[in-house]
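Number of protein chains: 2
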Amino acid sequence: MSFHGGNIYDYNNIIYDFSANINPAGVPESFKKALRDNMDVFARYPDTEYRALVRSIKDYLSLDDDAYVLPGNGAVDLIYSILDSMDYNKLFTMGPTFSEYRKAAIKYNIRYEEVFCYNHDFSKIDIELFLNIVEERSIIILCNPNNPTGFLIDIATLAYIAAQLNEKNSILIIDEAFIEFTDDYPHSSFLSKMYDFGNVVLIRAATKFFGMPGIRLGYAITCNRAIWERIKKIQQPWSVNAAAVIAGSCIFGDKDYISKSHEWIKEERLYLYNELSNLKGLEVYSSKANFHLLKITEKSMDAYKLRNELVKHGILIRTPDGFSYLTSNHFRLAVLDRKANSFLLSVLYEVLL
Amino acid sequence: MSFHGGNIYDYNNIIYDFSANINPAGVPESFKKALRDNMDVFARYPDTEYRALVRSIKDYLSLDDDAYVLPGNGAVDLIYSILDSMDYNKLFTMGPTFSEYRKAAIKYNIRYEEVFCYNHDFSKIDIELFLNIVEERSIIILCNPNNPTGFLIDIATLAYIAAQLNEKNSILIIDEAFIEFTDDYPHSSFLSKMYDFGNVVLIRAATKFFGMPGIRLGYAITCNRAIWERIKKIQQPWSVNAAAVIAGSCIFGDKDYISKSHEWIKEERLYLYNELSNLKGLEVYSSKANFHLLKITEKSMDAYKLRNELVKHGILIRTPDGFSYLTSNHFRLAVLDRKANSFLLSVLYEVLL
Numbered sequence: 001m002s003f004h005g006g007n008i009y010d011y012n013n014i015i016y017d018f019s020a021n022i023n024p025a026g027v028p029e030s031f032k033k034a035l036r037d038n039m040d041v042f043a044r045y046p047d048t049e050y051r052a053l054v055r056s057i058k059d060y061l062s063l064d065d066d067a068y069v070l071p072g073n074g075a076v077d078l079i080y081s082i083l084d085s086m087d088y089n090k091l092f093t094m095g096p097t098f099s100e101y102r103k104a105a106i107k108y109n110i111r112y113e114e115v116f117c118y119n120h121d122f123s124k125i126d127i128e129l130f131l132n133i134v135e136e137r138s139i140i141i142l143c144n145p146n147n148p149t150g151f152l153i154d155i156a157t158l159a160y161i162a163a164q165l166n167e168k169n170s171i172l173i174i175d176e177a178f179i180e181f182t183d184d185y186p187h188s189s190f191l192s193k194m195y196d197f198g199n200v201v202l203i204r205a206a207t208k209f210f211g212m213p214g215i216r217l218g219y220a221i222t223c224n225r226a227i228w229e230r231i232k233k234i235q236q237p238w239s240v241n242a243a244a245v246i247a248g249s250c251i252f253g254d255k256d257y258i259s260k261s262h263e264w265i266k267e268e269r270l271y272l273y274n275e276l277s278n279l280k281g282l283e284v285y286s287s288k289a290n291f292h293l294l295k296i297t298e299k300s301m302d303a304y305k306l307r308n309e310l311v312k313h314g315i316l317i318r319t320p321d322g323f324s325y326l327t328s329n330h331f332r333l334a335v336l337d338r339k340a341n342s343f344l345l346s347v348l349y350e351v352l353l
Numbered sequence: 001m002s003f004h005g006g007n008i009y010d011y012n013n014i015i016y017d018f019s020a021n022i023n024p025a026g027v028p029e030s031f032k033k034a035l036r037d038n039m040d041v042f043a044r045y046p047d048t049e050y051r052a053l054v055r056s057i058k059d060y061l062s063l064d065d066d067a068y069v070l071p072g073n074g075a076v077d078l079i080y081s082i083l084d085s086m087d088y089n090k091l092f093t094m095g096p097t098f099s100e101y102r103k104a105a106i107k108y109n110i111r112y113e114e115v116f117c118y119n120h121d122f123s124k125i126d127i128e129l130f131l132n133i134v135e136e137r138s139i140i141i142l143c144n145p146n147n148p149t150g151f152l153i154d155i156a157t158l159a160y161i162a163a164q165l166n167e168k169n170s171i172l173i174i175d176e177a178f179i180e181f182t183d184d185y186p187h188s189s190f191l192s193k194m195y196d197f198g199n200v201v202l203i204r205a206a207t208k209f210f211g212m213p214g215i216r217l218g219y220a221i222t223c224n225r226a227i228w229e230r231i232k233k234i235q236q237p238w239s240v241n242a243a244a245v246i247a248g249s250c251i252f253g254d255k256d257y258i259s260k261s262h263e264w265i266k267e268e269r270l271y272l273y274n275e276l277s278n279l280k281g282l283e284v285y286s287s288k289a290n291f292h293l294l295k296i297t298e299k300s301m302d303a304y305k306l307r308n309e310l311v312k313h314g315i316l317i318r319t320p321d322g323f324s325y326l327t328s329n330h331f332r333l334a335v336l337d338r339k340a341n342s343f344l345l346s347v348l349y350e351v352l353l
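If you read the sequences in order, they're chains W and V. Following the UniProt record's numbering, the numbering of the first sequence begins with 1 at its first residue and continues without gaps. Following the UniProt record's numbering, the numbering of the second sequence begins with 1 at its first residue and continues without gaps.
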């Protein structure tokens with residue numbers, strides 16, 4: 001059983017999908033044009049080495065020559081490939097977090113421990129608590145900012161964690177699927193510090209920030225060539241499709257889309273947070289990402305009842321299925337555009353009255 | 001190291017790619033139109049259950065309700081997923097055959113044995129020899145028609161093999177990636193007999209016959225629900241991208257593309273075979289697929305020298321790397337359209353003179 005947002009296919013009337021954390025700006029026009037102009041690209045096998053795609057990613061992130069990039073069939077594919085390629089049998093994460101880490105660990109017979117290190121309102125984490133629990137020769141995955149809490153660990157703290165984990169002969173995977181939605185991006189990314197740590201792998205999803213999860217494009221970055229080679233070796237040939245390669249050739253250079261998206265998320269995250277905070281019966285947690293975790297405090301309501309009420313209005317929210325340490329009162333909302341956010345707020349106001 | 005055709009990316013001048021076995025009719029117009037009209041589909045996660053896609057495939061193949069379909073990120077993804085999902089530790093194939101079977105077996109610590117059962121000119125196979133070698137509780141993969149020999153096992157023989165393997169508590173995977181290129185398709189497919197065998201899984205590549213390997217769409221079919229569930233359980237979420245889902249919604253109903261492709265392959269396979277047979281210094285083996293295996297009999301030439309000569313003319317051929325039981329004198333040629341085939345023949349005539 002897999003639990004994810006975006007499952008609009010179970011319903012036939014969803015207009016506003018707040019369950020999937022995707023940029024509502026949608027598919028970039030630059031990509032649509034590039035794809036329209038290059039439809040015949042599907043007639044060829046993609047380059048098994050994905051040389052042009054890797055170059056685009058390296059340009060986008062201004063990577064040095066000693067950074068190694070590996071594209072995959074979405075970020076999830078890379079999570080699986082990384083766990084599959086490593087000879088470690090313990091995986092530690094900070095919960096609640098993305099459920100695919102657990103699923104991938106189970107698949108590869110890796111012991112999975114999801115440590116709760118948050119305070120009561122998900123505004124702080126206890127790093128030492130976490131590091132004390134982590135064992136020698138482990139893999140650690142930190143989703144940063146974290147899904148579903150929206151908590152962002154600053155890069156100085158991440159550097160401290162990476163160094164401590166290095167002492168424990170452990171590998172740190174930082175899943176930056178949502179990092180481009182943070183206000184101080186690119187400074188919030190661990191990329192600039194990555195070069196100091198041979199035990200770190202970053203994962204990025206190209207397609208959440210660029211509004212097209214359907215294209216399936218993720219990539220891993222590390223400065224550890226041996227790790228890169230191990231992952232590469234176990235990947236299937238042609239795992240990234242030709243449309244994703246086209247996307248790589250244009251979206252990273254779409255400065256207009258990128259700057260408008262940064263403006264939108266800065267404004268709308270705050271707007272939605274403030275307005276949600278004003279609603280009775282809800283507690284909303286502060287988030288650095290493009291979504292908010294909330295808790296229903298109204299006794300007669302829970303996330304599933306609320307979901308059912310909102311579906312009647314064409315709105316889908318993310319119920320807490322699959323997340324550790326959440327209750328049936330928790331749910332997650334993506335930040336969408338003003339029209340969608342306003343509509344959601346008006347319906348919530350009505351339903352929670 | 002992976003060895004495959006279609007690696008035009010190592011060169012910068014390939015005009016005619018005879019190394020990849022793809023329908024030269026190219027990307028169907030029906031797909032181009034559907035994709036142009038549905039660019040926003042990338043803005044959503046695909047349905048993790050791929051319900052509409054499965055329905056399209058079932059319609060295309062007129063499948064009964066008791067046939068279970070599983071889409072994957074290309075046929076290769078399904079080969080890996082099937083081996084990963086099974087509790088068998090031996091894999092038998094008939095060599096020479098597709099190198100990913102071996103690679104997948106190695107990945108999952110499955111003992112791999114590629115049995116040579118052909119006669120001297122790849123026109124017959126010794127089934128009993130093969131069955132005698134196959135052990136209890138094994139997986140058997142037969143590529144039908146086979147890559148690179150083009151040999152087609154008839155469905156009565158396949159039924160006999162399936163029954164014998166059932167006695168041995170073994171699973172038969174029939175990789176029908178090239179079956180739609182055979183002259184008597186759909187009668188050449190094991191599909192109609194599949195319902196009698198709970199130990200059979202068929203694999204199809206949607207995108208060789210429909211001229212678009214870049215889209216990454218394969219599917220597995222079985223009437224064994226337990227096998228289907230096992231494979232499904234270990235698949236990653238969203239492994240099939242949104243463009244492939246769009247393809248599934250239109251290409252299978254593109255009767256014009258399908259009938260023209262059947263006419264083309266029937267005519268061009270024979271044309272190319274006859275013309276190649278007339279060339280000095282070459283032995284060409286009979287094939288039921290959209291490619292020919294050849295052997296260079298001219299002493300001063302081998303497949304690598306020939307490849308280098310042909311590359312000068314913008315032609316890429318498939319050298320024997322990665323194939324068992326072939327020598328450096330063997331190579332493979334896809335059947336392309338008349339213009340390409342004629343050009344190839346004229347250059348071959350010149351080079352082999």
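Treat the hints as calculated values from the structure; they're not laboratory data. Glycine is no exception: its CB is placed at the ideal position from the N, C-alpha and C atoms. The reader is advised that the hints may include incorrect statements.
What the hints assert, rightly or not - Estimated spans, in silico, between C-beta atoms of each pair:
| # | chain 1 | residue 1 | chain 2 | residue 2 | range |
| --- | --- | --- | --- | --- | --- |
| 1 | V | K33 | W | E136 | 24 to 34 Å |
| 2 | V | I234 | W | D40 | 46 to 56 Å |
| 3 | W | S192 | V | F116 | 54 to 64 Å |
| 4 | V | R307 | W | Y325 | 51 to 61 Å |
| 5 | W | D66 | V | R36 | 40 to 50 Å |
| 6 | W | E298 | V | K255 | 29 to 39 Å |
| 7 | V | A52 | W | D40 | 44 to 54 Å |
| 8 | W | D40 | V | S259 | 13 to 23 Å |
As the list claims (entries may be wrong) - Straight-line alpha carbon distances no greater than 20 Å define the calculated SDA-like cross-link-like pairs of lysine to any residue that follow:
| # | chain 1 | residue 1 | chain 2 | residue 2 |
| --- | --- | --- | --- | --- |
| 9 | V | K299 | V | E309 |
| 10 | V | K107 | W | K58 |
| 11 | W | K107 | V | R230 |
| 12 | W | K58 | W | H187 |
| 13 | W | K233 | V | R230 |
| 14 | V | K32 | W | D40 |
| 15 | W | K168 | W | L129 |
How the hints compare with the structure:
1. V/K33 - W/E136: 24 to 34 Å: 58 Å, violated
2. V/I234 - W/D40: 46 to 56 Å: 34 Å, violated
3. W/S192 - V/F116: 54 to 64 Å: Holds - the Cβ-Cβ distance for W/S192 and V/F116, about 55 Å, lies within 54 to 64 Å.
4. V/R307 - W/Y325: 51 to 61 Å: 59 Å, holds
5. W/D66 - V/R36: 40 to 50 Å: 41 Å, holds
6. W/E298 - V/K255: 29 to 39 Å: 57 Å, violated
7. V/A52 - W/D40: 44 to 54 Å: At roughly 25 Å between Cβ atoms, W/D40 and V/A52 fall outside 44 to 54 Å, so the hint is violated.
8. W/D40 - V/S259: 13 to 23 Å: 22 Å, holds
9. V/K299 - V/E309: Since the Cα atoms of V/K299 and V/E309 sit roughly 16 Å apart, the hinted pair holds (cutoff 20 Å).
10. V/K107 - W/K58: 29 Å, violated
11. W/K107 - V/R230: Roughly 12 Å separates the two Cα atoms, so the pair holds.
12. W/K58 - W/H187: Holds - the C-alpha atoms of W/H187 and W/K58 are around 17 Å apart, at most 20 Å.
13. W/K233 - V/R230: 25 Å, violated
14. V/K32 - W/D40: 9 Å, holds
15. W/K168 - W/L129: Since the Cα atoms of W/K168 and W/L129 sit roughly 15 Å apart, the hinted pair holds (cutoff 20 Å).
The structure fails to meet hints 1, 2, 6, 7, 10 and 13 from the earlier list, while all remaining hints are met.
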